[in-house]
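> The chain contents come next:
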Amino acid sequence: MVSAQSNPNPPSPTGPESALAAAGEVAPITPGTASSVADGRLDEPPASPVQKKRGVPEGLWIKCPGCSETVYRKEVAGRLNVCPKCDYHFYVSATDRVAQVLDDGTFEPMYEELRPTDPLNFADRRPYSERLIAEQRRTGLTDAVLTGIGMIRARRVAFAVTDSAFIMGSMGSVVGERLARLVEHATQQCLPLIIISGSGGGARMHEGILSLMQMAKVSAALARYHGSGGLYISVLTNPTMGGVAASFASLGDLVFAEPKALIGFAGPRTIKATIGIELPEDFQTSEFLLKHGYIDRIVTRPNLKSEIARAIDYCGK
Amino acid sequence: MSDTSGLDFERDVTELESQIAAIERQTVRSEEAESRLRELRLARVDRLREIYMNLSSWQTVQVARHKNRPYTRDYLNLAFDEFVELHGDKFFGDDRAMLSGFAKLDRFKVMVIGHQKGRTYKERAACHFGCAHPEGYRKAMQKMRMAEKYRLPLICFIDTPGAFPGKEAEERGQAQVIAESMFLMSRLRTPIICVVIGEGGSGGALGIGVGDRVAMLENSYYSVISPEGCAGILWKSHEFAPKAAEALRFTAKDLSKFGVIDKIIPEPLGGAHRDHHQMAMRLKNYLSATLGELTTQPTDELLSVRYEKFRQMGELIEEPSVG
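If you read the sequences in order, they're chains A and B.
Positions in the first sequence are counted from 1; adding 962 to them yields my numbering.
Positions in the second sequence are counted from 1; adding 1 to them yields my numbering.
No lab work stands behind these hints, which were simulated from the structure alone.
Treat the hints with care, since some could be wrong.
Unchecked claim - Sample of chain A residues lacking proximity to chain B, with all beta carbon distances greater than 10 Å (derived):
id, residue
1, 1086
2, 1216
3, 1237
Claimed, not checked - Below are the PhoX-like pairs computed for lysine-lysine, each with C-alpha atoms no more than 20 Å apart in a straight line:
id, chain 1, residue 1, chain 2, residue 2
4, B, 244, B, 264
5, B, 264, A, 1222
6, B, 264, A, 1253
7, B, 105, B, 150
8, B, 285, B, 110
9, A, 1234, B, 105
10, B, 150, B, 68
11, A, 1047, A, 1253
12, A, 1025, A, 1222
13, A, 1234, B, 168
14, A, 1267, A, 1253
15, A, 1253, A, 1222
None of these values were measured; they are calculated from a predicted model.
Note that CB positions come from ideal geometry on N, CA and C, so glycine has one too.
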């Protein structure tokens, strides 16, 4: 189900433009500003010239964006894609994340039958329908989220994880629908709900207003879940931006974040262009959000599973 | 309330209007001048109709952003019998980009929340051009709870380029408050009517956009991202904003087709900016009729229909079986 060999780098993007759509990506006061949350701060390695097969190391050594040290790729992979020198948290694919967080072999995927379409007949420099096929081939995913049921240290949970490599982990109709169904399922079955978010894109602009409405749809489902007394743990990973941050990712009863993840509404470049001041070094990082009171705990990747299990036990009835 | 709009696609109309004005200035007019005046007036109406029947998406954006377009404050003055402004989020401050307060419309006592852009430069600066900060959304939520408590129907006017992208906005939880506001609105136990009156700029718009009815004025737009932002990302240049505007399919007609809005409120000939009063009356009629419908419905039913309304949004393929 999940490759044992994890790859610290996401599959190389089809192009940098595959990146961003975000509810927050507007520059209203200076509409002349390009907005990108990439900003060189994302864990977005430069596109490699040659397409590599997933899970196969591209080289023996990689350079860590956190400490700039050259580290042994296998060692990084063996530590859940965390840098052995500086604890930098590299990208993790959705399937690898399932293997890291859920008990072995317990994940039962759901709603895989929901597939994206192209309601706007959207084309920028490339038709969205083509882009979808390319992204599916490149990532092995059908859309940017995996949803299903699984066990975390023998506790049954409803589980979702977005993959920031699939059109920047952006939310279109399929992501919204899978999450809404999962939340409703968790409500009916009285299951704790865990959503691990990674999205530089927010709401997916290729599906226009329908993407924006997914924010309302999933938030409404979460409101019902909340009303039924369900426990929702939201885990924020690098990056969680725009419409994803401004909907389900921020609505956890508990909000955990991996260290040094980029988390926020508007992209730093948009903000810089709008207000024209230098931003603090730690701006929009997990640590920044912790300081300002928006997350409960910063949790390192090796501790994530235990921390989730412990929180479930505290909130169990 | 006619004005020189400054929209380049209206140049013919502006030209006709200046000719009309020139003749109107003559205190004594010949038979010939009178007939010329009639002709010009008819020509102006024809031309306006032709232009506004065929606005491109990008032109719609320009009309939606027009500096003389009526704002929330104008509708409060023109369409409502009374407005009692309520300031403050009881937490941090009073965001001028978000207006709120009690209001009376016909026989209804309501709570109104709306983005405010500001007319003069000074007002615009104070309102951050209609871009609310987190305190704006907290203020909105505080008034929503108040509306729920006293069962006042809630009316939301959406008119924002987007929620403010700034350092303080992030520090005070911009993403968090928009999420919370949608969460709250989805189960608020009072009727909610949302109307996009100008710009429906992504999350900042949706933050006060979850309701039992969502309407748009004919020449407003409602989008996941600004056309400039989209062009910057996908075309790598803001010059492609008109192209992005077409691709994003965000006009009232488009949204009606996607099942995202319930109603398009027609604007006076040549756009709302040409006749605030008439626009306000049309809006008032819509609100009054809709309040009449919604206030008679049992709350539980209202909430379940509201849930289903947003629940069915989106388009996808459901494969019959997956191996």
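> Confirm or reject each hint.
Evaluation of the provided hints:
1. 1086: 4 Å, violated
2. 1216: About 14 Å separates residue 1216 of chain A from the closest Cβ of chain B, which puts it past 10 Å; holds.
3. 1237: At about 5 Å from chain B, residue 1237 of chain A fails to clear the 10 Å cut-off, so the statement is violated.
4. B:244 <-> B:264: 26 Å, violated
5. B:264 <-> A:1222: Given that 20 Å is the threshold and the Cα spacing comes to 45 Å, the pair is violated.
6. B:264 <-> A:1253: 44 Å, violated
7. B:105 <-> B:150: 17 Å, holds
8. B:285 <-> B:110: The hint holds at about 13 Å.
9. A:1234 <-> B:105: Violated, at roughly 42 Å.
10. B:150 <-> B:68: 37 Å, violated
11. A:1047 <-> A:1253: 25 Å, violated
12. A:1025 <-> A:1222: Distance of about 17 Å is within 20 Å: holds.
13. A:1234 <-> B:168: 9 Å, holds
14. A:1267 <-> A:1253: 24 Å, violated
15. A:1253 <-> A:1222: This hinted pair holds, its Cα atoms lying about 13 Å apart.
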